[in-house]
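Novice: Take these sequences, add in the hints, and give me the full structure.
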Amino acid sequence: MASVKPDEIRWGPSKFVRTSTLPVRSPMTRPAASAVFEITLFDRHLSALMNSEHFKGRSTVTSLAETGTEPENLLTTALLQVSIPLKIHSRKNTWARDMEMQFAWSLAIICACSIWLCRGSDDYGSLEAIVMQLSQQVNQLQARLEASESQISRLTKLDPSVIFTVQLSHSTVTYNHLDSILFDQILINEGGGYSPIHGEFTAPLSGYYFVNFRGWVMPGSVGYMHLRLNGTVEVTELPMGDTDYQSASSKSLVLHLEKGSTLSTWVFGEGATSVAIMGQQRTSFMGYLMKAD
Numbered sequence: 066m067a068s069v070k071p072d073e074i075r076w077g078p079s080k081f082v083r084t085s086t087l088p089v090r091s092p093m094t095r096p097a098a099s100a101v102f103e104i105t106l107f108d109r110h111l112s113a114l115m116n117s118e119h120f121k122g123r124s125t126v127t128s129l130a131e132t133g134t135e136p137e138n139l140l141t142t143a144l145l146q147v148s149i150p151l152k153i154h155s156r157k158n159t160w161a162r163d164m165e166m167q168f169a170w171s172l173a174i175i176c177a178c179s180i181w182l183c184r185g186s187d188d189y190g191s192l193e194a195i196v197m198q199l200s201q202q203v204n205q206l207q208a209r210l211e212a213s214e215s216q217i218s219r220l221t222k223l224d225p226s227v228i229f230t231v232q233l234s235h236s237t238v239t240y241n242h243l244d245s246i247l248f249d250q251i252l253i254n255e256g257g258g259y260s261p262i263h264g265e266f267t268a269p270l271s272g273y274y275f276v277n278f279r280g281w282v283m284p285g286s287v288g289y290m291h292l293r294l295n296g297t298v299e300v301t302e303l304p305m306g307d308t309d310y311q312s313a314s315s316k317s318l319v320l321h322l323e324k325g326s327t328l329s330t331w332v333f334g335e336g337a338t339s340v341a342i343m344g345q346q347r348t349s350f351m352g353y354l355m356k357a358d
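If you count the sequence shown from 1, position 219 lands on 284 in our numbering, and the numbers rise without skipping.
Simulated from the structure, these hints should not be mistaken for laboratory data. Backbone N, C-alpha and C define an ideal beta-carbon position, used for all residues, glycine too. Certain hints may be false.
Claimed, not checked - Cross-link-like lysine to any residue pairs, in silico, SDA-like; alpha carbons within 25 Å at most: (1) K356 with V298; (2) K356 with T237; (3) K324 with G256; (4) K316 with E214; (5) K316 with S226; (6) K356 with P269; (7) K316 with H263; (8) K316 with S326; (9) K324 with T301; (10) K324 with D249; (11) K316 with K356; (12) K316 with P269; (13) K316 with S234; (14) K316 with Q250; (15) K356 with S234; (16) K316 with G334; (17) K356 with E214; (18) K324 with T237; (19) K316 with T237; (20) K316 with N277.
What the hints assert, rightly or not - So the derived label-pair ranges between C-beta atoms look like this: (21) N204 with Q250: 37 to 45 Å; (22) Q216 with P269: 21 to 29 Å; (23) H321 with R219: 41 to 49 Å; (24) P284 with H321: 34 to 42 Å.
Specialist: Rendered as structure tokens:
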């Protein structure tokens, strides 16, 4: 081992090296021989650590415990903390140096072990508390997620809006027997189910629909308004007409329609080839989706 000057301190780019030529003397015997004792302390951040305000006026254990020193560096850091205040150097007498060195090493080891154990205990308790807190947060997030998924599920299952209301734009329209009534004035057609060209409503979704239709005829016209499913099946009829007075009738019902099914209104003349129907709001056709399948 190379000899160095007493109390030589070398600062490397990433380590602190302290070497001292120390006469080693046994407490049982007092030989005059001297030996070179070298202490090498490695710590990448010891320089900044030792010069920081955090360590000034604080105990070794408290300072080390609060710095977050890794367990493998505790012994090195503790030794440095103990050795520097003791100022181990070669100018003291041999016996004092020997005892001081032993005391420094012993205290350093005790400090390191104590800090490690204390921090381990504290860390375990802190970790346990953190785990419990995170577990509670996870449970809360899980509950919120399930609630959100349930709400999303309900929203996606909500029946989409399908509604139509149509009427005749002219004040009076004459229809022949078995003519389809073409309601040409669209007030509402949400969902796009009604076609004014064909005069029929096409169900965009399967489900239960509320349907209402009403007719108003001029005096002297007698007949019926038929509601047909898919253009051929007669669902119901609405009697209209009187020989002397205007006549109005209305009918409402609930139907289950399959997607693509159509509803339309037709004129059936009672003993006549034509029926004069009063238009605008007097004769109308409407419906909406109550519940989708």
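Novice: Give a verdict on every hint.
Specialist: These are the hints, each one checked on the structure:
At roughly 23 Å between alpha-carbon atoms, K356 and V298 fall within 25 Å of each other, so this suggested pair holds. Distance restraint check for K356 and T237: the Cα-Cα separation of roughly 35 Å exceeds the 25 Å cut-off, and the hinted pair is therefore not satisfied. Our distance criterion of 25 Å between C-alpha atoms is met by K324 and G256, whose separation comes to about 13 Å. Using a Cα cut-off of 25 Å, the hinted pair K316 and E214 is violated, with the two alpha carbons roughly 42 Å apart.
Simply put, K316 and S226 have alpha-carbon atoms about 23 Å apart, close enough for the 25 Å limit, and the pair holds. At most 25 Å may separate the alpha-carbon atoms for a hinted pair to count; K356 and P269 meet this at roughly 12 Å. Distance check on the hinted pair: K316 and H263 sit about 22 Å apart at the alpha-carbon level, within 25 Å; holds. About 20 Å separates the Cα atoms of K316 and S326, which keeps this hinted pair within 25 Å; it holds.
For the hint pairing K324 with T301, the CA-to-CA distance comes to about 20 Å; that is within 25 Å, so the pair holds. Simply put, K324 and D249 have alpha-carbon atoms about 23 Å apart, close enough for the 25 Å limit, and the pair holds. With a CA separation close to 20 Å, the supplied pair K316 and K356 stays within the 25 Å bound. Of the supplied pair hints, the one linking K316 and P269 holds, its CA atoms being roughly 23 Å apart against a limit of 25 Å.
A distance of roughly 21 Å separates the Cα atoms of K316 and S234; the hinted pair therefore holds under the 25 Å criterion. At most 25 Å may separate the alpha-carbon atoms for a hinted pair to count; K316 and Q250 meet this at roughly 20 Å. Taken as a hint, the K356 and S234 pair is broken in the structure, with Cα atoms around 31 Å apart against an allowance of 25 Å. Straight-line distance between C-alpha atoms of K316 and G334 comes to about 18 Å, which keeps the hinted pair within the 25 Å bound.
About 22 Å separates the Cα atoms of K356 and E214, which keeps this hinted pair within 25 Å; it holds. This hinted pair does not check out: K324 and T237 have alpha carbons roughly 34 Å apart, beyond 25 Å. Among the hinted pairs, K316 with T237 is consistent with the structure: their alpha-carbon atoms are about 21 Å apart, no more than 25 Å. Note on K316 and N277: the hinted pairing holds, with a Cα-Cα distance of about 6 Å set against a maximum of 25 Å.
Between N204 and Q250 the beta carbon distance is about 58 Å. The supplied range of 37 to 45 Å is therefore violated. Distance hint check for Q216 and P269: the Cβ-Cβ separation is about 25 Å, which falls inside the suggested range of 21 to 29 Å. Remark: the range hint 41 to 49 Å for H321 to R219 is contradicted by a beta-carbon distance near 23 Å. Take P284 and H321: their Cβ atoms lie about 38 Å apart, and the range 34 to 42 Å holds.
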